[in-house]
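There are 2 protein chains.
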Amino acid sequence: MKTFSVTVLGNSAALPTRTRSLSSQVVNYRERLFLIDCGEGTQMNLKRNKIRTGKIGHIFISHLHGDHFYGLIGLISTFHLQNRKSVLHVYGPEPLEQIIRIQLEASDTRLSYPLAFHTTQSQKPEIIFDDGRMQISTLPLLHRVPTTGFLFSEKPLPRKLMREAADRYGVPLEKFESIRNGDDFTDEEGNLIPNSLLTLDPPSCRSFAYCSDTGYYEPLTGMISGCSLLYHEATFMEDLKEAAREKQHSTAADAARIAAKAGADRLLLGHFSARYDDLQPLLNEARAVFGNSFLAEENVTYEV
Amino acid sequence: MKTFSVTVLGNSAALPTRTRSLSSQVVNYRERLFLIDCGEGTQMNLKRNKIRTGKIGHIFISHLHGDHFYGLIGLISTFHLQNRKSVLHVYGPEPLEQIIRIQLEASDTRLSYPLAFHTTQSQKPEIIFDDGRMQISTLPLLHRVPTTGFLFSEKPLPRKLMREAADRYGVPLEKFESIRNGDDFTDEEGNLIPNSLLTLDPPSCRSFAYCSDTGYYEPLTGMISGCSLLYHEATFMEDLKEAAREKQHSTAADAARIAAKAGADRLLLGHFSARYDDLQPLLNEARAVFGNSFLAEENVTYEV
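Chains as they are written, first to last, in my numbering: chain Z, 1 to 304; chain G, 1 to 304.
Please note that a few of the clues may not be correct.
Some chain G residues flagged as far from chain Z (calculated, every beta-carbon gap over 12 angstroms) [what the hints assert, rightly or not]:
hint	residue
1	R18
2	E105
3	A116
4	D131
5	S137
6	Y169
7	D187
8	E189
9	G190
10	L200
11	P219
12	G291
13	F294
Dumping the calculated DSS-like pairs for lysine-lysine here, alpha-carbon to alpha-carbon at most 25 angstroms [what the hints assert, rightly or not]:
hint	chain 1	residue 1	chain 2	residue 2
14	Z	K247	G	K85
15	G	K55	G	K85
16	Z	K175	Z	K155
17	Z	K247	Z	K124
18	Z	K85	G	K247
19	G	K155	G	K2
20	Z	K47	G	K47
21	Z	K155	Z	K55
22	G	K155	G	K175
Read the hints as simulated data drawn from the structure, not as lab findings. Just so it is clear, the structure is predicted and the values come from calculations on it, not from any experiment. Yeah, the Cβ is synthetic: ideal placement off N, Cα and C, and Gly gets one too.
Same shape as in the complex, but just chain Z (with noise of 0.2 angstroms):
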């Protein structure tokens, strides 16, 4: 199997505490490295981690919530003074491009290498990354500022050919493709042999979810359904949940509820209020909702 994992840099909300950084992951999907939010740290904390930042050719910014972008210029900044050469590709709300490149020239930089902004939109889901293997959608969240999951979606693959049934049923060569994309095949004497003794499912497609910040969103069930992994946002417990639908952010349970309804295989907790210093109570809470539910925990790396 290919890698597709997911690196938890931060899980704090709003404000570091002594133990938790603020937001950022890294999805790794065949040794490319995409990063979603970077807060202030995350230069850091790819330190610690000891990730491979030249690998690093796409920055996902959900929304201009400082606990999600502040770590972004010194990162871009890093890069410059490493000497970077390869295009760096950052996705984001608008006002995002301005920010950087007013501190950029502030300080008189002009980068060692290409940085190219893409604008998302909240508005509805909108395909923004497509390497042919993988493809990356928006996905638009309830929250107080325009904000944007990411899904990341592996592409199906072709049906795995089982060389000896081939041979057997004197399939030539120039067959091959047709019989990987599903055809069956008929045989000279016109005996018809169906795909399946030709040919096995190819690995399903995994998919990855990261949905922070958002209140609890029904929408986004649909959007992300049968994702194999979904990261939610658990800013607050249900005892607190006045204060979840004010801010616009979720209950450890409303984030087990939405794995629920979209049929997630698992579901990672994350985004915790400073104020819970022990988080086993969020996961208890959503687990009692949603079994598999687990809490993304920093400098851990999780398979899709």
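Following the hints, complete the assembly by docking chain G onto the known chain Z.
For chain G alone, kept in the frame of chain Z given last:
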């Protein structure tokens, strides 16, 4: 002796390392706190040092290279999230206010407290703070973008009246103030009692100079003449003095030469290039020129 100390939060130049943070220091003068520079991660380092951030009323930014101010927006936001009420004064070069305001706008943040910006200029020294007991001046430095250091100078205190001697010579209460200010006393019989019999010297005035970033800049020595404690950048060692000249940074020996020519009591070296794992050679280089040199160690408080 009233508190006058400096806590070093970060001593790394340009890039954070696994063990060193970006520039920031806290000056404590009689329990008022002043922050100098605010590299990324400063709010975490303040927390680690258990510094009561509510007592920080003034922040001084030397220049707009990112390693000296990318942590400012995060700290300003955190103060807001903590519902700070008291005014925060920020001093720095012109575009700083715009950089901060544009980010607060993007997150639709109306701060819970007043934020007052004060623009510094780097043409000539300027008094930017004076509370009657302590005075803060800018120090124009030699760097690639407009940069100032900061000189914290205690103001002269009145002489210390010896109460017993005053009683012995029959000094009336209403004369105390003039005698504290250095006047002699003439008693009822016309005898002149010299001030030296009535008072002791006040504690001598202490001063702290923060000089980062700067190339070797001799005019500085006149501005910080006789300072008690000098923090001077020492990005490189002498074998890289060409790089130092080109980038307008100093070597450890440069810093020591400035300390010697200024007649400083003690020198703290800081702003070390990330290339140095072991800092002892920088200290040795400085001590060969100026014996009273020390490394500015992070999370250590130095008395001025």
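Hints versus structure:
1. R18: Nearest chain Z Cβ is 6 angstroms from G/R18, so the label is violated.
2. E105: Violated, since 8 angstroms does not exceed 12 angstroms.
3. A116: holds, 20 angstroms
4. D131: Since the minimum Cβ distance to chain Z is about 30 angstroms, G/D131 lies beyond 12 angstroms and the statement holds.
5. S137: The claim stands: G/S137 keeps its Cβ more than 12 angstroms from every Cβ of chain Z (closest is about 23 angstroms).
6. Y169: holds, 59 angstroms
7. D187: Holds: least Cβ distance 64 angstroms, greater than 12 angstroms.
8. E189: holds, 69 angstroms
9. G190: holds, 69 angstroms
10. L200: holds, 46 angstroms
11. P219: holds, 23 angstroms
12. G291: Its Cβ never comes within 12 angstroms of chain Z, the nearest being 34 angstroms, so this holds.
13. F294: With a cut-off of 12 angstroms, G/F294 remains clear of chain Z, as the shortest Cβ separation is near 26 angstroms.
14. Z/K247 - G/K85: Distance of about 21 angstroms is within 25 angstroms: holds.
15. G/K55 - G/K85: holds, 12 angstroms
16. Z/K175 - Z/K155: holds, 23 angstroms
17. Z/K247 - Z/K124: holds, 22 angstroms
18. Z/K85 - G/K247: Since the Cα atoms of Z/K85 and G/K247 sit roughly 21 angstroms apart, the hinted pair holds (cutoff 25 angstroms).
19. G/K155 - G/K2: Since the Cα atoms of G/K155 and G/K2 sit roughly 13 angstroms apart, the hinted pair holds (cutoff 25 angstroms).
20. Z/K47 - G/K47: The given pair, whose Cα atoms are some 21 angstroms apart, holds under the 25 angstroms limit.
21. Z/K155 - Z/K55: Distance ~21 angstroms between Z/K155 and Z/K55 Cα, so the pair holds.
22. G/K155 - G/K175: Within the cut-off at roughly 23 angstroms; holds.
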